[in-house]
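Q: With these hints in hand, go ahead and build the complete structure from the sequences.
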Amino acid sequence: MHRRRFFLSCAALLMSGVIAPLMAQTPVFFSDGGSAINGYDTVAYFTQRAPVKGRRDISVMWKGVVWRFANDANREAFEADPWAYAPQYGGYCAYGVSMGYRDITVPNAWQIVDGKLYLIRTRLVQAIWKRDVNGHIVRANANWPAVLSH
Numbered sequence: 000m001h002r003r004r005f006f007l008s009c010a011a012l013l014m015s016g017v018i019a020p021l022m023a024q025t026p027v028f029f030s031d032g033g034s035a036i037n038g039y040d041t042v043a044y045f046t047q048r049a050p051v052k053g054r055r056d057i058s059v060m061w062k063g064v065v066w067r068f069a070n071d072a073n074r075e076a077f078e079a080d081p082w083a084y085a086p087q088y089g090g091y092c093a094y095g096v097s098m099g100y101r102d103i104t105v106p107n108a109w110q111i112v113d114g115k116l117y118l119i120r121t122r123l124v125q126a127i128w129k130r131d132v133n134g135h136i137v138r139a140n141a142n143w144p145a146v147l148s149h
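0 is the number of the first residue of the sequence shown in numbering that gives the first Met the number 0; add one for each residue after it.
Hints are computed from structural coordinates only; laboratory data are not their basis.
Be aware that one or more of the hints could be misleading.
[What the hints assert, rightly or not] Taking lysine-lysine pairs in the DSBU-like style, the calculated list, with each CA pair at most 30 Å apart, reads:
1) 52 <-> 62
2) 52 <-> 129
3) 115 <-> 62
4) 115 <-> 129
5) 115 <-> 52
Because the structure is a prediction, the values reported are computed rather than measured.
A: Below, the structure is given as structure tokens:
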């Protein structure tokens, strides 16, 4: 019994000593040059159904990343409920996460499913994603956030 407890304690310490620093080094939200979604307005995907470039002077720092907005109304909506507008999987490519890895995204490859924003690496990858959206979401949910440590 004591050996098992000792082994489990050592395993827990090892995991916290190895995994925690890896998780701390990998940003939860992907940002290119410090701005989420390459500086595009995350709220606009929902309200205008299109990628809209955000303005530098209308921004919010949230979760260590700058979020830019096209107008004050979008900034205020985000501030009221950021999780409602933040992209799934930290803005990393949803297809990539479904396949078990992190990848960059572009603002013009995206989809809203059940009120959630999914960003994709490219339009070509988006075509693959669309062949089995629900399956990819299930796999990505299973892989997130473990892919941050890869």
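Q: Now look at each hint and say whether the structure bears it out.
A: Results for each hint:
1. 52 <-> 62: holds (20 Å)
2. 52 <-> 129: holds (24 Å)
3. 115 <-> 62: Holds, at about 18 Å.
4. 115 <-> 129: holds (15 Å)
5. 115 <-> 52: Distance of about 19 Å is within 30 Å: holds.
Comparing the model with each earlier hint shows no violations; every hint is respected.
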